[in-house]
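Q: As given, the protein sequences belong to chains Z and W, one line each in that order.
Each residue of the first sequence is one higher than the one before, starting from 130 at the first, in our numbering.
Each residue of the second sequence is one higher than the one before, starting from 130 at the first, in our numbering.
Misleading hints may appear alongside valid ones.
When chains are identical, the list treats them as one kind, so a pair holds in a single copy or across two.
Straight-line distance between alpha carbons at most 25 Å, and here's what the computed SDA-like set of lysine to any residue pairs gives [as the list claims (entries may be wrong)]:
hint	residue 1	residue 2
1	K190	E375
2	K238	E417
3	K301	D312
4	K291	D407
5	K291	R370
6	K301	G289
7	K190	E484
8	K383	D196
9	K389	L377
10	K291	L377
11	K301	H290
12	K398	G328
13	K230	E309
These aren't lab readings, by the way, just hints derived from the structure by calculation.
Here the structure is a predicted model, which means the values were calculated and not measured.
2 protein chains.
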Amino acid sequence: MSASDNYATSTTATLAPRIITEADLEALELGAAVLGTGGGGNPYIGKLRTRELLRSGKKVKLISLHDLPDDALVVSVGGIGAPVVGIEKLEHGDECYQALKAVEAEVGKPISALIPAEIGGANSMEPMLTAAQAGLPVVDADGMGRAFPELQMCTFFIYGHKPAPAAIADDKGNKVVFREVIDMYWLERLARAVTVQMGAAAGYADAPMTAGYLKKYAIPNTVSQALNLGYAIQKARQEKRHPVEEVLRVERGKLVFEGKITDVRRELKGGFAVGKVDLEGFSKFQAEQASIDIQNENLIFWRGERAEVTVPDLIIMLDSDNGTPITTEVLRYGQRVAVLGLPCHSLLRSPEALEVIGPAAFGYDIPYEPLEDS
Amino acid sequence: MSASDNYATSTTATLAPRIITEADLEALELGAAVLGTGGGGNPYIGKLRTRELLRSGKKVKLISLHDLPDDALVVSVGGIGAPVVGIEKLEHGDECYQALKAVEAEVGKPISALIPAEIGGANSMEPMLTAAQAGLPVVDADGMGRAFPELQMCTFFIYGHKPAPAAIADDKGNKVVFREVIDMYWLERLARAVTVQMGAAAGYADAPMTAGYLKKYAIPNTVSQALNLGYAIQKARQEKRHPVEEVLRVERGKLVFEGKITDVRRELKGGFAVGKVDLEGFSKFQAEQASIDIQNENLIFWRGERAEVTVPDLIIMLDSDNGTPITTEVLRYGQRVAVLGLPCHSLLRSPEALEVIGPAAFGYDIPYEPLEDS
């Protein structure tokens with residue numbers, strides 16, 4: 130491996146090559162929700178759809194990027210919209226596949242594999258569903274190592290991937306191709322405007338990337354990471370061990386708070402779920418106050434007045450009893466939660482990355498202080 | 130000519146075939162502003178750009194649809210956005226040409242000619258500019274016989290033209306293709322959302338139509354009509370005759386009001402210029418009160434409380450002294466105006482047309498009463 134190959138720096142080993150099983154889908158759903166840091170949408174519907182396809186005989190293969198020649202084309206597919214909408218507005222189920230076909234027609238070359246742009250939440254599952262529909266493998270990597278609210282907040286774009294031609298398709302049969310866009314911000318801006326018109330939920334396929342590019346700039350082995358996390362929580366539950374402790378055992382994160390939700394403020398703003406959650410500590414955090422700022426995902430963890438964990442590091446809320454990851458759309462008064470901080474991948478900590486996904490990019494006048502590995 | 134051929138019912142003879150001259154551009158600018166019924170944007174910049182191209186040796190030929198075989202492909206191009214924005218935000222000048230190239234690539238067949246979707250305002254000139262850039266002729270017809278605020282308010286779509294693939298390009302280099310849209314309302318909705326993001330001004334190219342289709346459903350000879358109107362006003366000015374009377378002589382319209390503007394209320398709402406103008410009558414309308422409702426174009430002419438002329442018939446405001454057409458973005462207190470009513474083409478008066486461009490389509494609970502030919 131070369132020095133510029135990020136697989137060398139991965140803390141998680143890849144499970145690829147692997148034929149995805151029904152059990153894997155369950156583990157992925159759980160693990161992706163953990164990595165979703167409160168957002169990314171709910172993978173549940175996508176899981177059911179993918180499971181149906183697996184039961185009907187379709188196969189999805191998880192592969193390593195190293196299984197692909199450098200010039201092979203890889204496309205990221207996923208859902209775009211507000212997670213709150215995703216609960217009530219069912220997709221047709223082939224939005225991403227339709228968008229993928231539009232992009233493939235646009236470049237006139239075959240696509241070799243799919244990759245999630247974000248491993249957190251629903252967009253971990255959409256590539257599995259689309260892979261089953263298209264007969265393509267899924268690459269064990271992603272562009273965020275978590276979830277973020279906007280398309281451009283992705284290592285693919287941060288490190289210079291050309292954003293066109295990309296496509297969006299909806300459940301009604303509309304298909305929009307972004308043939309030329311000047312940069313990733315314009316893709317996000319135009320795609321978001323179209324998505325809002327489409328009912329705040331649509332499927333996208335981004336411009337094809339080469340496997341060579343992704344070997345440098347994708348966050349490695351994150352599908353495996355999600356699978357491992359999901360299996361760890363399941364195993365802890367079966368063996369009556371504490372799921373939060375089990376998550377801390379398999380990950381490099383640390384427990385930053387445990388408490389009860391005392392207030393939830395949340396609104397839908399320009400297609401985003403924006404809000405704040407207040408927490409009152411218990412057990413070893415007794416009498417402490419904390420809060421978490423949200424923009425689809427958990428952005429900032431405040432201990433009192435101090436921003437202790439910030440994007441791009443992962444702020445994860447788990448049900449403190451059973452380890453169930455708590456997404457922003459189901460937050461409610463009285464929930465007892467464990468808040469975990471996980472250091473993000475080094476690809477998200479470079480100056481060019483922090484410009485796009487650091488606290489300032491979300492409107493905060495707070496410097497990014499990397500969460501240390503525990 | 131067949132019975133279904135609308136050229137038989139045209140009140141204006143075609144001037145085609147004709148090589149467009151610089152003088153024609155001046156007359157078209159003036160006549161298109163008259164037919165713009167207050168909206169459609171200002172053709173001035175488009176005229177200057179086209180004139181430069183004519184001076185550099187480019188040729189634009191005005192042809193009759195009958196010069197084209199029925200299977201020839203014709204594309205309508207134009208600007209999309211709010212006219213108020215068009216005053217301050219200069220286009221790059223090749224937006225429509227870029228959109229045309231995107232549509233041509235999409236269908237993989239050569240385009241034979243261009244047609245204005247709306248003869249009123251800036252979109253009379255955009256096809257001339259694009260024609261000079263692309264080396265294509267312009268057809269003597271359009272889809273409105275006037276101006277309307279939305280893409281779908283066009284006979285092409287009203288009578289069943291499939292709205293995709295269409296394209297939009299902006300001055301920054303963004304190019305969006307609407308590869309599949311379920312109907313014309315969705316094209317309008319998605320295109321409008323993209324346009325607002327692009328800064329409320331962009332160039333579009335609609336899905337190609339066959340000349341055979343347009344022979345039935347385009348409003349015939351409207352480029353000639355605009356040229357004739359422009360030349361009539363110019364001639365009246367030169368010969369010191371009254372321009373408003375000259376317009377009434379060459380057209381079938383009637384003078385419905387003359388008065389002074391006493392109030393203008395106008396705001397930019399979702400990309401549209403929306404408002405109301407109050408008028409106080411003089412000369413033979415002395416002591417009468419009237420007003421005109423606006424949504425980019427003049428929608429309803431009220432005499433007191435009575436809606437006397439409504440869309441789709443044409444409500445035209447001319448400067449009562451020199452005949453200059455007054456567009457909604459330059460309306461101001463104290464202007465002395467003549468208000469003309471012109472009956473629209475019969476293609477705009479069918480039940481299916483009125484559903485899209487009648488008073489009810491603009492939110493008015495008013496029946497459409499056709500203005501009679503005078």
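Q: Treating 25 Å as the Cα threshold, decide for K291 and D407: within, between, both or neither.
A: neither (40 Å within a copy, 52 Å between copies)
Q: As a check of your reading, is K389 near L377 (CA-CA no more than 25 Å) within one copy, between copies, both or neither?
A: within (20 Å within a copy, 78 Å between copies)
Q: Go through the copies and call it for K301 and H290: within, between, both or neither, with a Cα cutoff of 25 Å.
A: This pair counts as between: shortest inter-copy Cα distance 19 Å, intra-copy 30 Å.
Q: How would you classify K301 and G289 at a CA-CA limit of 25 Å: within, between, both, or neither?
A: Answer is between; shortest inter-copy Cα gap is 19 Å, intra-copy 33 Å.
Q: When Cα atoms must be at most 25 Å apart, do K291 and R370 count as within-copy, between-copy, both, or neither?
A: neither (47 Å within a copy, 61 Å between copies)
Q: Treating 25 Å as the Cα threshold, decide for K398 and G328: within, between, both or neither.
A: both (14 Å within a copy, 20 Å between copies)
Q: For K190 and E484, with the copy left unspecified, which applies at a CA distance of at most 25 Å: within, between, both, or neither?
A: Neither: 35 Å inside a copy, 52 Å across copies.
Q: Up to 25 Å between alpha-carbons, please classify K383 paired with D196: within, between, both or neither.
A: Neither, since 34 Å and 77 Å both go past 25 Å.
Q: Given a CA cutoff of 25 Å, do K291 and L377 count as a within-copy pair, a between-copy pair, both, or neither?
A: Neither, since 37 Å and 57 Å both go past 25 Å.
Q: How do K238 and E417 come out at 25 Å by Cα distance, when the copy is not named: within, between, both, or neither?
A: neither (57 Å within a copy, 69 Å between copies)
Q: What label fits K230 with E309 when the C-alpha limit is 25 Å: within, between, both, or neither?
A: Both, since 17 Å and 12 Å are each at most 25 Å.
Q: Tell me, please, which holds for K301 and D312 at an alpha-carbon limit of 25 Å: within, between, both or neither?
A: For K301 and D312, the Cα distance is within 25 Å only across copies (10 Å; inside one copy 28 Å).
Violated hints, listed in ascending order, are 1, 2, 4, 5, 7, 8 and 10; each of the other numbered hints is respected by the structure.
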